[in-house]
Amino acid sequence: MISADPHILNCTDKLILPGVGAFGDGMRNLVKRGLVEALNQIVLEDGKPILGICLGAQLMCMESEEFGSHEGLGWVAARIVKLSPTDRRLRVPHVGWNDLVRRQSSILFDGLTDDSLFYYVHSYAIDVLDPEICVGECNYGQNFCAAFERDNIYAVQFHPEKSQREGLTMLGNFLNKA
Amino acid sequence: MRKRLITVLTFNDGVLFRTKQFEPDYRYTHNFVDAWSVDEIVVLDVTRPNQGKKQNFFKVVREFAGTCFVPLAAGGGIRTMEDVKQFLELGADKVVLNTGAIQRPEFIGEVARAYGSQCVVLSMDARNTGSEMYEICSDLGAVPTGMTPEEWARQAEAEGAGEIMVASIDRDGSLQGYDLDLCRRVAEAVNLPVLISGGAGNWRHFVEGFQVGGASAVCTSNIYHFTETSIRSAKKALADADIPVRI
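Chains as they are written, first to last, in this note's numbering: chain A, 17 to 194; chain B, 2 to 248.
In short, the hints are calculated from the structure, not lab data.
The reader is advised that the hints may include incorrect statements.
[To be verified] Result set (BS3-like, lysine-lysine): computed pairs, CA atoms no more than 30 Å apart in a straight line:
{"no.": "1", "chain 1": "B", "residue 1": "LYS21", "chain 2": "B", "residue 2": "LYS60"}
{"no.": "2", "chain 1": "A", "residue 1": "LYS64", "chain 2": "A", "residue 2": "LYS193"}
{"no.": "3", "chain 1": "A", "residue 1": "LYS30", "chain 2": "B", "residue 2": "LYS21"}
{"no.": "4", "chain 1": "A", "residue 1": "LYS98", "chain 2": "B", "residue 2": "LYS60"}
{"no.": "5", "chain 1": "A", "residue 1": "LYS48", "chain 2": "B", "residue 2": "LYS86"}
{"no.": "6", "chain 1": "B", "residue 1": "LYS86", "chain 2": "B", "residue 2": "LYS54"}
{"no.": "7", "chain 1": "A", "residue 1": "LYS48", "chain 2": "A", "residue 2": "LYS98"}
{"no.": "8", "chain 1": "A", "residue 1": "LYS64", "chain 2": "A", "residue 2": "LYS48"}
{"no.": "9", "chain 1": "B", "residue 1": "LYS21", "chain 2": "B", "residue 2": "LYS54"}
The structure displayed is predicted, hence computed values, not measured ones.
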């Protein structure tokens, strides 16, 4: 079910926060639709499981340097920085299939092998300030956090919904086990 | 990061065709089945103006979006934000801009600001005009623009395009291999991922596209490259040549 209505969100068991586009616009839209307070309540106080995908994952962080300085939802100690590989052969945006290197266990990884690939498409990446929350990393010129988790909050930089079998398995894990 | 093998499908009034130098050449009669080894799919509407119904292509986009769980890009005749919205609502992840962007380069920026750069693939068609010169042509390769691939690619990058797809009009359907010089010029002109298209006939061509052309992804429209065994065989050839691919 797709909804931007806080009342409906309140009645669901789990949430997915997707997102494509720029951080500033993403936050502006959440604020405009009155979703920030609703999400804080549902996620931080009620403790409902939520999965952030791509921009959705980034919005959960504290701040971003994309097109200026913007504040995020601030749920996790992490910030968003620009991908700036020094190797000229590494193009930005980071587009395509890449690794997910596991750093800690997570229910998201159930049924997946270490060499599972996922589809990434982004120009900005998650830089965790609290290493405890990072469960998976990817390297593209620099290491960045590709998946983080804190209590009921899950987030992935890549697009599981565009990552065929592995992605669908991961989504199933979130829906069934989180 | 793995190099990508992208499947490009061209449709004429909703029917899958292969093209030769951009003219619909041969109609495929069997249905395309979503192969699990494919990295990404691009569907392009190459129907000439007023020679078909847009709805027929919309149906194609909707069907692919519903069955494929890999990124899907759709293009063909995109001129306005409404066109972009239409394709995204049908389920495409990215839109492919060509003539629409040539007519109004700022359109690239408008789409990128609204939906993100990752949503915009700028597709350019180049014709070899002799002695290592190339010219970008619009309108399905018919109208010369006076621009070189490098300058148009740089402009598109500045406007906010996410990826650049370069097609060689001369090589299209030839099975003779990509125009590697063309690919290299664009790859060196921008910092964006470059997708090369036009002319792939065998796996050696894919290897060359990456190693010589500097492409981030190679595209093929040859239907005989689309069976599950075929894609796996192509990827094995790439892996054997030490090119990292998703198997």
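Hint-by-hint comparison with the structure:
| no. | hint | result |
| --- | --- | --- |
| 1 | B/LYS21 with B/LYS60 | holds (24 Å) |
| 2 | A/LYS64 with A/LYS193 | holds (12 Å) |
| 3 | A/LYS30 with B/LYS21 | violated (50 Å) |
| 4 | A/LYS98 with B/LYS60 | violated (38 Å) |
| 5 | A/LYS48 with B/LYS86 | holds (21 Å) |
| 6 | B/LYS86 with B/LYS54 | holds (18 Å) |
| 7 | A/LYS48 with A/LYS98 | holds (26 Å) |
| 8 | A/LYS64 with A/LYS48 | holds (22 Å) |
| 9 | B/LYS21 with B/LYS54 | holds (22 Å) |
Checked against the numbered hints listed earlier, the structure breaks hints 3 and 4; every other hint is satisfied.
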